[in-house]
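**Student:** Sequence:
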Amino acid sequence: MQRFTEKVVATMKGAGLYASQGGPIILSQIENEYGNIAASYGAAGKSYIRWAAGMAVALDTGVPWVMCQQTDAPEPLINTCNGFYCDQFTPSLPSRPKLWTENWSGWFLSFGGAVPYRPTEDLAFAVARFYQRGGTLQNYYMYHGGTNFGRSSGGPFISTSYDYDAPIDEYGLVRQPKWGHLRDVHKAIKMCEPALIATDPSYMSLGQNAEAHVYKSGSLCAAFLANIDDQSDKTVTFNGKAYKLPAWSVSILPDCKNVVLNTAQINSQVASTQMRNLGFSTQASDGSSVEAELAASSWSYAVEPVGITKENALTKPGLMEQINTTADASDFLWYSTSIVVAGGEPYLNGSQSNLLVNSLGHVLQVFINGKLAGSSKGSASSSLISLTTPVTLVTGKNKIDLLSATVGLTNYGAFFDLVGAGITGPVKLTGPKGTLDLSSAEWTYQIGLRGEDLHLYNPSEASPEWVSDNSYPTNNPLTWYKSKFTAPAGDDPVAIDFTGMGKGEAWVNGQSIGRYWPTNIAPQSGCVNSCNYRGSYSATKCLKKCGQPSQILYHVPRSFLQPGSNDIVLFEQFGGNPSKISFTTKQTESVCAHVSEDHPDQIDSWVSSQQKLQRSGPALRLECPKEGQVISSIKFASFGTPSGTCGSYSHGECSSSQALAVAQEACVGVSSCSVPVSAKNFGDPCRGVTKSLVVEAACS
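Numbering (the UniProt record's numbering), first residue to last: 1 to 700.
Please keep in mind that the hints were generated in silico from the structure rather than gathered at the bench.
Predicted, not measured: the structure shown is a model, and the values here were computed from it.
Idealized CB from N, CA, C, for every residue including glycine.
Among the clues, some could well be false.
[Claimed, not checked] Each pair of labels, with its calculated beta carbon distance range:
#1 V670 x A58: 23 to 31 Å
#2 T90 x S217: 21 to 29 Å
#3 T690 x T90: 35 to 43 Å
All chains, full assembly: derive it from the sequences and hints.
**Tutor:** Here it is, written out as structure tokens:
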């Protein structure tokens, strides 16, 4: 650890990157969330933290070191907070700044789980509350979602997608309105900066579950007004003036007078995106493009043999733990043994027996005499497997091959290095009259697959294993597939829809796009149609896609693709039909916005915390997502009491007849537009009611 840390610091110093050298690095971190599990190590844990801190400080970077979630971080290190909310966090020493090193913008997806997401309003609320209560710095985890290419996912069972509902999604596109609203939140906080850095905040109660924090120093003044009630909106009085505060929201007043932003009132536009299915066009031998469904010969295949095929296989008595055996060189470890059946053994019922296999996880397949006899899997909540499957044995020698597979390795928690994986037993054959325990028998072990050793995933390496027939096997376990395709045109992000496949790994031009597992289905319950942002968020509060595959779309970066012909290779572990997979591209269908008369003005209408352009009132703004695009049509517009979400808006009982014409006049033919949200602009369809404007537009 010391050698690694010294190497990183020396590299940064050599490039002049620390702030003490005039560079951009203002903080360094040593360890991560060790404080959550340190107690499990007793005195050794405390000693380790002291050593780590001293080792880091001795490297003399000239900038502070932090330890996340480490209340006993030794001086001069700074302990910091990670979590969904850190406004109530207090550094362990008053001289330390209040730092939020991981603001969780969403949550990760697990194979077998529903898709988590975090409402924009709640994330914005958390950010504003942190600075309201004396925060110094906050950092998003994640700000840009990503992809666990290859076998790099943690876990176990963390999905290949690590989108995380981040402000920038897995494909590199801004997620609206989350990205735009957080941009506005930070602009509002930046306007408060002179006051924030001049003094500490003073607290003021504004009633039950309502409070103000005021930063005032001389002529500088900034205020944050919060309604932390998770049910009721409130009207509060601050400095003699009334302010409306929606439930679970913060209003930011850079001059202690004017609200430039409320975290629950989103001025940013929303983007409605879709994954457009393009089918799967493979390339025939003459270079022409043919539909895979019409060209049975478009896929070559290779059969992965069952059991031991390598000369370097290891034989020893008993069952070996998988991770220490494979050293994570492969997801796969074969366990192979054999028994001789004479007939009439107590574990037999005729030719039948029950095979019991207990495993630490994560996926198990049982083969008897080369044929699949059963399979099972663990889950993100428990990777343990206990499989009992009926098997048919023959007189004479019977071969028992067990294939154990990992799906990402445990990477956090006390003693996580001892968690282990694979078949640790018992392994037993049971019948009506007795049991044969195979746990201590002679077992032969093979690390990885034969196809991995032959580099079948690399299309540039020719192999006689590949078979190109007029037909290819489908829905068979342990099968490799290979084909060629032409990349989708344009520059929209690309993904593969793995409908029709079971579980495996995929490579494009020799680069792994990760594990795929479209047959791992989320539970039927636990999801909500619309998640209420009000109230404390947790990783299970807002879930979608219950009863559906956890992940069916797998990102293929454009950088993996090349003009003309491209190669795709699949290893299918369970069995599937590659003719059913398809390419998709991610496209923006519509841009929308929903702004009410009660919303603050657009943040950019402010010049500074002390100056404002002529008050124009709230406005709805739309902007096409791509350079060169213009708004080509208005799909929907309503001023009054509309409802719904982008792509499915509807008029309310109160609706102006002029809304569509006004929106068309302002927006069609331009790349961006601004429409004042005012009865002066649309007429007043219902006096005495707070009205909203919604617009949905298409760009081309």
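**Student:** All the hints need checking, so say for each whether the structure fits it.
**Tutor:** Hint check results:
| no. | hint | in the structure |
| --- | --- | --- |
| 1 | V670 x A58: 23 to 31 Å | 59 Å, violated |
| 2 | T90 x S217: 21 to 29 Å | 22 Å, holds |
| 3 | T690 x T90: 35 to 43 Å | 39 Å, holds |
Comparing the model with each earlier hint shows a violation of hint 1 alone; every other hint is respected.
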